[in-house]
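Residue numbers (this note's numbering), protein chains in the order written: chain A, 2 to 351; chain B, 2 to 351.
No lab work stands behind these hints: they were computed from the structure.
Worth double-checking, as some hints may not be accurate.
No copy is singled out in the list; a pair is fine if it fits within one copy or between any two copies.
Straight-line alpha carbon distances no greater than 25 Å define the calculated BS3-like cross-link-like pairs of lysine-lysine that follow [stated by the list, open to error]: (1) K33 - K105; (2) K90 - K12; (3) K90 - K222; (4) K93 - K204; (5) K220 - K27.
This structure is a prediction, so every number in the text was calculated from the model and none was measured.
What follows is each chain in one-letter form.
Protein chains: 2
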Amino acid sequence: MYPTVEKHIQKALNNNIPSLSHRSVKFQEIYKSTQDKLRKFLRIPKGHHIFFLASSLESMERIIENCVDKHSFHFVNGAFSRKFYQFAKMLKKDLLKYEAADGKGFDVNKIKIPKNSELICVTHNETSTGVSIPLQYINKLKSDSSRLIAVDIVSSVPYVKIDFSKVDITFFSVQKGFGLPAGMGVLLVNERAINKANFLAKKGNNIGSYHSFLSFLDKDKIFQTPETPNVLSIYLLGKVLDDMLEKGIDTIRKEIEEKAKLVYGFFDNHSRYIPFVIDKNFRSKTTIVIDVKGKAKEIVKKLTKIGFIVSSGYGQFKASHIRIANFPAHTIGNCKRLLSNFFPFSNYGD
Amino acid sequence: MYPTVEKHIQKALNNNIPSLSHRSVKFQEIYKSTQDKLRKFLRIPKGHHIFFLASSLESMERIIENCVDKHSFHFVNGAFSRKFYQFAKMLKKDLLKYEAADGKGFDVNKIKIPKNSELICVTHNETSTGVSIPLQYINKLKSDSSRLIAVDIVSSVPYVKIDFSKVDITFFSVQKGFGLPAGMGVLLVNERAINKANFLAKKGNNIGSYHSFLSFLDKDKIFQTPETPNVLSIYLLGKVLDDMLEKGIDTIRKEIEEKAKLVYGFFDNHSRYIPFVIDKNFRSKTTIVIDVKGKAKEIVKKLTKIGFIVSSGYGQFKASHIRIANFPAHTIGNCKRLLSNFFPFSNYGD
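Chain A extracted, bound-state conformation:
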């Protein structure tokens, strides 16, 4: 968790935030102020609406429902981009995908995207494998009214410098980059995406019931959500944004780069363990995956004992990888101490 969260939870309890009605004026103030701060922090232009929902998997479902009549196109290179693709399939869309091996990236512009693709889905940072698609590639994908671009920034926000004039839809959750308790997703959509939802609704499509781009927008006008939301989470996001605004996004981004350099530098020079992503162009700065040659369980266990939470590999890589998160909540000191603990598990220096 981000270091200030505990203090903010305490304050929320003192101010009865968890008991607040989501139809009260007080809630509307919190909703609006959290949106305003997020807008300022991530430099989100006015044309992009900010919606709060339950999770990033929900965002994927709502995006498909509201932006795709028949065809969506997916860049797949790991578990999360694959989920986005599978959800579209479950929602009965006709799919097109370009698949790279797990751990590999792609220059999205060198790939021929069929003309009938209504939505292009890109996972900026694959949490499962530590692959990140360079933003300059994403920015070259052409978005227009007949072709929308959705970018999953779940594990790269707030590090990723999204150019909102180049993408139509972005989404993330609060438990990674913002270091908050899990249980809320944030979805940013522009007018083109709203227009598409309107078009599909008028056409008679099912675009979802209580949660659609249109139902969100309708309640957003009065600073509310369609359902009873995670009020505490909206409040806490606002409070952490205060702290992050004070620190400044440039400082936060610089620190993430510095920590990433330390971690990759260490493992590039390690005698046994190596970064899973070989091509430096595609290496994630925020979720760093290391191939630890089958020692994941042992390493995760030993690090947990001394207070470091590191994940084992995702899916098929459970035993062979560890995944090191590099979010604003982690300090450079944390990072150095983490690395200093790696010698005893390896033959480094032997």
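With the hints as your guide, set chain B onto chain A.
Below, chain B alone, put in the same frame as chain A:
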């Protein structure tokens, strides 16, 4: 909030619950233990699965998606039962409904339900108007494999003594009867409902993507959820259930009846204000709606100042009604003090 919640949040922070991975063994223990305690407390038989999701509005959507091919039947007598109906419409189902005026109940057995209805939706307790359908009526609706019964118990749990052999699906949220921060729904479904979801999936229907009865069940087998859930809420629900189990559900139900008797008794004898629901057979024990003759705003404001949170009327009744919640979190002492504050606003005793 339930009086012990603050203490439990403190403990959760001390034990790093908000940072817990939802794929960890520790999370699986919490998930299983919360389910076990809920099962014991509400006497939920083994044949009913317990799923955690985002809200009760989400439950409505998932129920329609997973249990209805073409026709659902809805008893509508207020805003929430109307939402259930409207969601089915938005999900492109053919609908049938029986509508009573807001504030009125119905003997659901006296109403002819068309034979092609695959799902019968009943709102046990209409939060919007304070109307409750007597359980003995609901228990007489015939459920079989071609006709499922879903009961919304959002604002009557844990007071309502559901006979789980008579209904297939029930759902509620944690912020009312369990006095927890908002942001989680609970959905209980039996094997018949699972079978229907399976049937519809095999038929090629869209039953939802990341959240369907089948995806819930799949992850439930390993005590996990399909998405990153509200981990803190699952933990807190378990903790409050410990407290409620210690107190005993019979005591909790008796206290709710005692408080309801006090409130209705008071307003039945009041010189100006009267319970909105005239027919005592249909009066909710848990959400008591009083017609305050246009004085809602004034009353809510004055009560808020002295620490009592009472809601104004729902929708069209905003100015004319107040809604008094009678949940386990409210003591008999609270209730008496609340009522003692009503004299100054009325002509009572004049």
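Now for the hints, and whether the structure bears them out:
no.: 1; hint: K33 - K105; result: neither (40 Å within a copy, 37 Å between copies)
no.: 2; hint: K90 - K12; result: neither (44 Å within a copy, 42 Å between copies)
no.: 3; hint: K90 - K222; result: between (32 Å within a copy, 24 Å between copies)
no.: 4; hint: K93 - K204; result: both (16 Å within a copy, 12 Å between copies)
no.: 5; hint: K220 - K27; result: within (16 Å within a copy, 37 Å between copies)
This entry does not satisfy hints 1 and 2, going by the numbered hints stated previously.
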